[in-house]
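Chain V is already provided as a structure; the job is to place chain P on it using the hints.
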Amino acid sequence: MSALLEVDNLQISARNDDDELTPIVKGVSFNVQPGEVVALIGESGSGKTTIALSSLGYTKPGLEFVGGEVRLHGEDVISMQNDRLRGLRGQRVAYLAQSAAATFNPALTIGEQVTESTVLHGLMSQEEANRRAEDLYRALELPDPDRLGKRYPHQVSGGQLQRLMAATALCGKPDLLVLDEPTTALDVTTQIEVLKSFKSVITQEGASAIYVTHDLSVVAQIADHIVVLYAGEIQEYGTADQVVTQPSHEYTRRLMYAVRPPPAAGQGEETSDEHQRKAPALEVKNLLAGYGRTQNGAPEITVLRDVNVAIERGHSVGVIGESGCGKSTLARVMAGLLPAAQGEVLLDGAALQPALQQRSRNELQKIQFVFQMADTALNPRQRIDKILGRPVEFYHGLKGEEKRRRVGELLQMVELPQEFAGRYPEELSGGQKQRINLARALAASPEVLLCDEVISALDSIVGANVIELLKRLRKQTGVSFVFISHDLSTVASFADQIVVLYAGRVVEQGPTNAVLSPPYHPYTRLLISSVPELRVGWLEETMETQEAQAGIDRVVTLTDKGCPFFDRCPRAVKGTCDEETPPVRKVTGSHSIECHLSEAEFAQ
Amino acid sequence: MSEQTNNTDQSFSFDELPDAPPKRKIKLSWPGKIGIAIVLFWSVIVVIGPTIAPYHEADILDEDLFIVPGSDEMYPDTEFQPPSKIVYLGSDYIGRDLLSRILYGARTTIGISVLATLLAYLIGVTAGIAASVGSRYLDMGLSRVNDALLSIPSIMFALVLIAALNSPGIFWLILITGFIYAASVFRIARSLGQEVMVSDFVEAAKVRGEGLWWIITREILPNIAMPLATDFGLRFVWVILFISSLSFLGLGVQPPMSDWGSMVKENLPGLVLGSYAPLMPAFAIASLTISVNMIVDDLSAATGGKLAKRMIS
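Chains as they are written, first to last, in the numbering used here: chain V, 21 to 624; chain P, 13 to 325.
Take the hints with a grain of salt, since some may be wrong.
What the hints assert, rightly or not - Chain V residues, not near chain P, derived (Cβ > 12 Å throughout):
#: 1; residue: Ala122
#: 2; residue: Gln224
#: 3; residue: Gly226
#: 4; residue: Arg381
#: 5; residue: Asn457
#: 6; residue: Arg460
#: 7; residue: Val556
As the list claims (entries may be wrong) - DMTMM-like, lysine to aspartate or glutamate: derived pairs with alpha carbons at most 25 Å apart:
#: 8; chain 1: V; residue 1: Lys193; chain 2: V; residue 2: Glu95
#: 9; chain 1: V; residue 1: Lys423; chain 2: P; residue 2: Glu215
#: 10; chain 1: V; residue 1: Lys406; chain 2: P; residue 2: Glu207
#: 11; chain 1: V; residue 1: Lys193; chain 2: V; residue 2: Glu161
#: 12; chain 1: P; residue 1: Lys39; chain 2: V; residue 2: Glu447
#: 13; chain 1: V; residue 1: Lys80; chain 2: P; residue 2: Asp309
If you're looking for bench data, these hints aren't it; they were derived computationally from the structure. Since the structure is predicted, the reported quantities are computational estimates derived from the model, not experimental observations. Every residue, glycine too, gets a C-beta built ideally from N, C-alpha and C.
In isolation and in its complexed conformation, chain V is listed as follows (with noise of 0.2 Å):
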């Protein structure tokens, strides 16, 4: 049987301002045989999209090929004319791009996008893809395939655009799919329904595709073979169950590394308790917060409702929670960037103000937010020295050589050399510029560090080796950190308390290993069981489990009365749990639940 793709020594280089030329891939083979998915796999930078993007004969702008071939069905398609490779494109192979949110247009339907390139390719008439459109919707597991067409893409969730995007490429049956990244920015329950309905459509339709992605877990549960890539070359390649089981390369174990092992109990860290004093560092009590303008004490949209949260000296506590459960607006409220409506927060046992304004500096000193995205927290126009010397100068009034030593001893901490201070943010990568985030949050000489998903945006290796520095500092200088995350196994990894946020309510919370081990919440159950695993054929045994089948992929949805998460709940018992607040039930220690379930039910 011959290939349906062969990459062969394939070469592409960025040309720069002065006509010089960086290789950027530097003689890729590979080939992927009809009905296989191979996998490309890499950090950022490794040029894994760079060569997927070969296979439509295609380059960004400013890079071009620069030898070697890619033939699909035996024919060159780098040397193709336009009008050749408009008709590969989208008819013969088809692309699926990151973030699904931004590829569909607001203003069409559905079913108009979904259809539309193969129309537009005169395969079918649009009766006939209409069909194929509700045929592949069927496939895909989407709700209600008959009328889904009709509707607008803000009507349905991420996940269920991802799977759109996925029919939209499927639409005119392409030999060869190119994903890209297409799970990376989805919720952990989202993502093994995207991946499980990828995989069964793929197996169906019999197509053959490219997997674009850094995360060695995801590629284990869907691809045939991996390609392991780094700076522009092949590390190893082999099919999926040798890559993972027996990896020969010395990169590929150090991606495999990067792969935190599933959470469970043991894995947190127990922190002395030297820095402990009588009130906890930070505490929110009854907390009630939202956004839009706040009558009688309630704003207009609700986001966070009773949430009671201590974060104890020297102790980190981890936040878990998919998308729209308020974590980030847990930590808002705590900068002070969000005043609660209700409820207070506390300071070493004494109340804050709720809005920032009104706080004093020392109080602002204390509490230190770490902003998610590095790339937009640091001003593009102040050198490294002058970000993290201002806050120096600003609390603790250094100046001169003084503050200069200060911002020394701030790169060293975060393991940066000196040289850096005299650069912009722009000429760092983005695991240095989270360092630099973290630096300046540090420069304060803070007591507690509001991290806010501050290794989300980083490739597997790079977030590794920030968790590794957290750790360090949080020993080094006995700061409480509060660690926001959705990600459960980083959080496992680094926290010594989980609190588990579910639409505004804390649903369960406790030290790790308590809320790690049973009894669970039937949420944090869910969490923990949809974190992929790096083993072949995980997919399928999860989609098994009770919980995947009845929770997963639904949107969160805030309710003002009883438990929010009954409508994904595999235990819910109708009448008491959509209509009463649930209770908080002490089971050991700190550890808390709150649900309608009695401990001796938990237990079964």
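Relative to chain V, chain P alone:
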């Protein structure tokens, strides 16, 4: 803190791949370089124009000058004379030297335009930043007033104001032009300011407890300076054309002072007689405005072309 590099990096030889693009430098294209040369040329003229001019701008040349030696004509025409050794670019409709008037006029035209544009920026940027950092009500108030101003055609507005003040002189001309153009500067400054205002680094400064003055001067202004500078170039061109139009209509710079716009107007009858007189000042206006535009194109390309969208207002 002495143990500096104890990270996991040591055990592996793979470095984090840099994703930082090389710093974008402003690269001048050929049109851009020519543009700079012409703008520099006119800047020099603004300074030394009157000193190198062969005549004064208001001098009506003597008939004697034009008497061709050996000819018996005692009273030759002095109006609309073609270029010659006496008048290098010809003479105008009452026999003044065109070259001298263009050299003098450079100072008037460019001087007035620069001052008016600066004034427009002073008002527009101040109000625009105030609107973007201030309360909702301040923004609302300033924006609606601005909308009202923008809805009046600028030439009409200026004509009415000047007529009402009874042709009040250059000072008022600058003031009125600056005020009218402040409206469109306001829009750009406000939208740029709002964009930076919601960025994470401004939020970081707020969380730190920085005051409004710091946020405006250290966080916002450095990030909008480049787009504003680019816009300044274009706005300057429009102000030149605007002042020239007013002069052309007879309400701008008053005779006998020379100004490129009014020179076009007063010499217009010369076109019928085949004279170059109205074309020379028109060419001066065109050379300056096109040059500035060519420079702005290069600047705009360096900032990623994002500006082009905002300029349409």
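Cross-check of the supplied hints:
1. Ala122: holds, 18 Å
2. Gln224: holds, 37 Å
3. Gly226: holds, 36 Å
4. Arg381: Given that some Cβ of chain P is not farther than 12 Å from that of Arg381(V), nearest at about 5 Å, it is violated.
5. Asn457: Violated: least Cβ distance 9 Å, not greater than 12 Å.
6. Arg460: violated, 7 Å
7. Val556: Correct as stated: the minimum Cβ-Cβ distance to chain P is 25 Å, above 12 Å.
8. Lys193(V) <-> Glu95(V): holds, 19 Å
9. Lys423(V) <-> Glu215(P): holds, 23 Å
10. Lys406(V) <-> Glu207(P): holds, 22 Å
11. Lys193(V) <-> Glu161(V): Between Lys193(V) and Glu161(V) the Cα gap is close to 18 Å, so the pair holds against 25 Å.
12. Lys39(P) <-> Glu447(V): holds, 19 Å
13. Lys80(V) <-> Asp309(P): It holds: about 24 Å lies between the C-alpha atoms, which stays within 25 Å.
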